[in-house]
Amino acid sequence: MPVLAYIVTPRSGEKNKLLKELNAMQHCEALSADNADILILVTDTPDKETEKQLEKQLNKIESMESLSMTFGYNDELQYKGEGDGHEDR
Amino acid sequence: MKIDRRSFIKSAAATSAVATATSLFPGISFASWKQLEGATGMIRWEKAPCRFCGTGCGVLVGVSGDRAVAVKGDPACSVNKGLCCVKGYHSVQALYGKDRLTKAQVRKNGKMVEVPIQEALDIIAAKMKETIDKHGKDSVAMYGSGQWTIPDGYVASKLFKGCIGTNNVEANARLCMASAVTGFLTSFGVDEPMGCYEDIDYANVFITWGNNMAEMHPVLFSRMLAQRKRRNDVTIIDFATRTTRTSQASDKSILFKPQTDLAVANAICYEIIRNDWVNWDFVNKHVSFHKGKTNIGYGLEDKFKFKDKAEGIDFEQFKTFLKDYTPEKVEKMSGVPARDIRYLASLYGDPTKKVTSFWCMGMNQHTRGTWINNLVYNIHLLVGKISTPGNSPFSLTGQPSACGTVREVGTLTHKLPHGVVMKPKARELAEKIWELPAGSIDPKPTYHTVAMFRALDRGDIRFMWIQVTNPMVTMPKLKRYRDGALKEDRFIVVSDVYPTPTTDVADVILPAAMWVEQEGMFGNSERRTQHFDEIVPPPGEAMSDTWQIIEVARRLGFEKQFPWSQEEYIGKIWEEYRRFHDSPKHNMAPYKVLKARSGVQWPFVNGKETRWRFNAKHDPACTSGEDFHFYGKKDNRAWIWARPYEPAAESPDQEYNFWLNTGRVIEHWHTGSMTRRVPVLHNAMPSAYVEINPEDAADMGIVNGEMIKIISRRGEVTMPASINGRGVPTRGQVFVPFFDEKYLINEVTLDAFCPISKQPDYKKCAVKLEKA
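Keeping their order, the protein sequence lines are chains Y and D. In this text, residue positions in the first sequence follow numbering that gives the first Met the number 0: the first is 0, and each later residue adds one. In this text, residue positions in the second sequence follow numbering that gives the first Met the number 0: the first is 0, and each later residue adds one.
Rather than coming from a laboratory, the hints here were simulated on the basis of the structure. Certain hints may be false.
[To be verified] If you only want the chain D side, here are some residues facing chain Y, beta carbon under 8 Å, derived: (1) Ser15; (2) Ala16; (3) Ala30.
[To be verified] From chain D, some residues computed to sit far from chain Y (all C-beta separations above 10 Å): (4) Arg5; (5) Lys9; (6) Ser63; (7) Ala124; (8) Asp137; (9) Arg273; (10) Trp276; (11) Gly291; (12) Glu434; (13) Glu533; (14) Glu705; (15) Glu769.
We put the CB at the ideal spot given by N, CA and C, even for glycine.
Pulled out of the complex, with its shape left as it was, chain D reads as follows (with noise of 0.2 Å):
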């Protein structure tokens, strides 16, 4: 017996209704609900983390013979406790757009033409084979995604990294949260968050800086706003460069301009320190001062390179930098007045308050990404709120699998799955548990995102294979990159689900399994691993990344490091990954027990799941003795850092005189490849759009719906504006989403990054507007 499509269109009705409801009335609950299972009694449930975004909630899917047809919170999961977002509650019908890549194509003749895919997978390790022996080993690359699973990205590093012996292995995750790690490593010596999200139960002040949670992590937002209407001392205050719908819940909003929450982040500390609200133990016992270098660039020229180099400073030392960063100074170049502030640091600085600070591409897509991210940790650092319940610097995530695939798998150039290429301890290690002779890894790192398609660009690149995602409308300054991927004796594989612009520039595409068609696993922003099963099987011809790779490296003759059955594979490549990670810091949770559980926190030691790292009731890494062990830097301490306020790579001048901020909206997931078929969303939110101040759009004569032309020194866009609609930016700024690919609006972007993290600036360049 199978479920009719029209009971499938009634419980998608029944569950948008609850969406909805939730989301207006936090903790609302409908246990009565049963969707379909009532009706029918013929769906079975099967658990799993959403596609989505990094909060990770848990899902489960209804499937009905071989179809998923409903999806539900899953309760019990913590991270979401049964509630999900708008894209959650319509998650499924993203398998089921009529457009799905069933089958491979290969470009013939100037035309893509369907093969069978074993027929496709002998021409890219052909392909490949004759690169590497005309061009050399680093001439070939792998750009993965924040959206690979975890085995997608170890058996890619695996297969580059290990048996090709090139570091050309990247993935998306540099475009958004490469400021985040550099945070981390820079602070704490050890990357990912400290805390989690049941901070959240426990915090009386919220601070979202940079960052519209209502929309981009709604789930969490909603349970901050329950906790706010629960008890009586919850305070959310949101600092941003836009007002969004997280402003208008929030009880305080403060507006800065762009680039300066670096001045801002500055003169709280220098207002905590002014005040003497210093956690003097705290910071005696666990915290160095340090300084950097400074005047440290922008990337913009090709073969850009900087090495930070770290100077020890006193305590009084890091006063006298902060000397600069007066309230009263520091709102004229913020445009934040110096009461708020002080308001900030009050707030931070009051001894009976928890303070929980969240932030996610704000701070990370930002040319001085990694400071922002290091001047946040100095002020939860220099009042001791920090690794305790509710006192939490958090950064979150915006891919599923960011931190699982691409921080903890470590498929970035430099990175291993445990350590750094350039350390011969952590090439030893993989070379051991991988099987290859010592010497196969190359000790130096290649390329990072924007320099692997610069690469790209000028041929030293020539082969490059792409999976689960789609630079073709994320790259900053697009049209030099699709140009280099465009010219003729470049080679590009393409795995995805959907045709895509990036799809349009392959040379072989191949049809991929999506999230719940293959076994896999996601990590996401709370150091939580999560597993799911196959529960319905790939259309077509459609296979798994993993299984991809693992095909194309058996005919590389690899077949050693690569001898697993379809049956077996991605518990037998867990259980080898694992091995990386043993240790109290990072232990992984086995295989049996992730599939048994809605996610499991690492370091998961002895059995128990870490909540907070770094305090030793809850941290079995912590071994001084101390209350608190920051055991990730040589002196186990946290580090303070002295990084100043430096202009953005591309302000407004006289002729190009607005800023553009991009990001995201709820409906839509990146670039819409997936939420921009499911009919609901498609419909709510069916086009992008230009975000104007209406006293701009008054002075320019401009009418909302109106064409606008936006133009910046790297190309243009037109596209209608927004006024007074969902986001209102200040004057002088303009705001567009990414999700739209009729406007891409990355052929504006500047590809500037931040120097020690390579991320770059998605929020910040100059443009003009033009009625159109």
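Looking at chain Y on its own, in the form it has when it is part of the complex (with noise of 0.2 Å):
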């Protein structure tokens, strides 16, 4: 089930229509700087097929100029103990 974070840039002056197409998109939440062209946005999917399917959607949308990664979260990964830090003692 994982939970991604992107900062997402939009095309010149189509911030606004960004913004909206996002947050009318499945698994997608949206939420938009208040002095830049700049948009947050966090997708949760069910699974990672789900994910890969909206990771597709995402780089056909028009409006959007760049989409990068700052948060990847991986159920799976986490209840294994990876990543903690303490299994390294």
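Using the hints, put the two chains back together into the complex; each one sits in its own frame.
In structure tokens form, the structure reads like this:
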């Protein structure tokens, strides 16, 4: 069940359009910066396959200039205990 | 109704993206971002200072039920104005690592066994009493921290210095801030910066002296970048020994050879005088000139002693002293081109520019740390750029309460909450407030931190209680001090929140409440005291460090000095502590004011905070009738010191041919015992490394990621190479961050220290490299 977060840059003058498009998509929640042409997108998908499909859909959006991931979470990895830092001791 | 795990993760994801955006685009705002509020409507937000560095960012902790589930910057806090760095945004996750200590443990037959915490406290009290009876009061010691809350440090000082009568109280801030303290005391007679973060909003020039602010103080650095973007007259100069993210973001990066900052600072003064950029009106009214002892040693031997002696000189003698520091001569020593030295001098000397100098560990962890602090003050004093908005020599701190707890409460061997143990008046005041018989406090300081661990190794100290710090990662020349702690007849108590290499040497482990699991106060770099409530309950039997000390004190028979109930002890302790600072020079805000605000700066006089000390327009303690009053010194002047360049304790030679520099990274805080348990931070920076200059790496045939052995005269450690990574050292130098307990770099470092401040130098020793 991946949860990902992105910084999204819209094409010039299309921030509001992109915000609407993203919030209309399933598994997506977007919010806009007040004073810059930047959006934050959080995606929450039930499985890896859906995540891949969503990524393809996102890449097709014309009002989007770029998409940069800042956060990735996967239940399976987390529950194995990987990455909590302590097993290295 | 409780928030579900999924919503929490989504909030963390959004938090991470917002944090990244704010670091990439300074000043960006997401006012519509409500995290989980809109979705759930059940989060309550409580104010606190951030748990980590000394910047003192205000945060709002989102709480659902009895769990902290979110965090955001507090827009009401003037420090960060709603921003946080990546550590701050993930700080609440540090509360919930799966191996959190929740029960007390006692070593029985060589194994740690869980016991009720009351039983563990009984054992500690009995062992302290037995040790004092057998070996004397100076055989027991408390080693605390700049992460202690103010009440933690206050009760530790009261129990050990007041009730037991030993000055064996030290804190890890000796390892990070002691040179800043002695720098302030020798130049101004009182501790802590005269300016405040608001200087950033006024300065035209920022010079970072060996200070990678982009990673170590990112919120303040983003404020600088925002000012540069907003105004067209702002210049940032990075003056350092290695290229870092700060260098990359600055307008000019100037690199110098380790230890030669002393010479460059003197050369800047030489140029200021040569060009007659001296502010004579300021200097004539407010400055006096002095020199101290030279060839002062490095403290490498046990029981090393040094006492400086100030001797008055005049301006002409100071000018003559500087003749050894012409830009051309200093270029040969430092590697800094003479033109760059002149450029730096011209920035300080230009009367139309306001200049702020920032520094932290680069200048403080230095065998001449006091001197280099003095020398940067010299520059600002010569040109009169001090104590006015934008003109600020500013010593930053690395821990959330290095100032509040260690410097202000005085949890160092020679200090009391007001004054030093050597002064009868200071002892009398403490004995009066603490309701102790006259003569209870010993007039002789005992051991500073390095000396204290040496005393533990020798057996002069037999019992040590360590709270909120991890010396078995951070002590230089680590092996000696770990071996000392493990000796059979030593008894070590460790209060902490997670297992660490320090709990590994403990005979008793006490589970501690962490950060907002207790009420307390921190004091940040700009004299700001920040109160926080107990926002969530501590897990299991975890207990605040303050209450642990109170419990033991009562078992030792000091009920009278520690009479408070658990419901009100923090407020009562604060009001008692505040009596020590009852003067316009240091008055602290009342408890109810602290509770209401997101931090209050001292001196707090007649309901008003003091932003620029020594400036009569701002500081009510100024009484001379002049525009400035440096009231800390008996001559009512700030002191300029003639301090020469002297070499490091150990420099590279033919066999050990590299300098070793150690430090931190943005993702992890100090030894990583908290931040490495935050998955986002750990995954971003899972392991330490050794940065090697690309040309040195090419000469040795080393490739990125290859395991490299770093060997010194003390020990060795093997870790992966980083070439052209985040930081790039100059040729002949390597850099290693110390957050990773897998690679204990302090096995290699040297325990040399500044003879005045007793602060070790973690930035310079000699090593050689071998392929593993």
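Here is what the structure says about each hint:
1. Because the closest C-beta pair between D/Ser15 and chain Y is about 4 Å apart, less than 8 Å, the hint holds.
2. Annotation: D/Ala16 was flagged as interfacial toward chain Y, and the flag holds, the nearest CB pair being 4 Å apart, inside 8 Å.
3. The beta carbon of D/Ala30 is positioned within 8 Å of a beta carbon in chain Y (closest approach about 5 Å), and the interface hint is therefore held.
4. The claim that D/Arg5 is not at the interface with chain Y is violated, since a C-beta of that chain comes within 10 Å of its own (minimum 7 Å).
5. The Cβ of D/Lys9 sits about 6 Å from the closest Cβ of chain Y, inside the 10 Å cut-off, so the non-interface label is violated.
6. Against chain Y, the non-interface label of D/Ser63 holds: every CB pair exceeds 10 Å, the least being about 18 Å.
7. Distance check for D/Ala124 against chain Y: the nearest CB is about 30 Å away, which clears 10 Å, and the non-interface claim stands.
8. Distance check for D/Asp137 against chain Y: the nearest CB is about 34 Å away, which clears 10 Å, and the non-interface claim stands.
9. Residue placement check: D/Arg273 keeps its beta carbon more than 10 Å from all beta carbons of chain Y (closest about 47 Å).
10. The beta carbon of D/Trp276 is kept farther than 10 Å from every beta carbon of chain Y, the shortest such distance being approximately 40 Å.
11. D/Gly291, annotated as away from the interface, keeps every beta carbon of chain Y farther than 10 Å; the closest lies near 45 Å.
12. For D/Glu434, the non-interface assignment is confirmed: its Cβ lies about 45 Å from the closest Cβ of chain Y, beyond the 10 Å cut-off.
13. No Cβ of chain Y comes within 10 Å of the Cβ of D/Glu533; the nearest lies about 26 Å off, and the non-interface call holds.
14. Non-interface call for D/Glu705 relative to chain Y: holds, since the shortest CB-CB distance, roughly 20 Å, exceeds 10 Å.
15. For D/Glu769, the shortest C-beta to C-beta distance to chain Y comes to about 24 Å, beyond the 10 Å cut-off, and the non-interface label holds.
Against the hints set out earlier in the document, violations occur for numbers 4 and 5.
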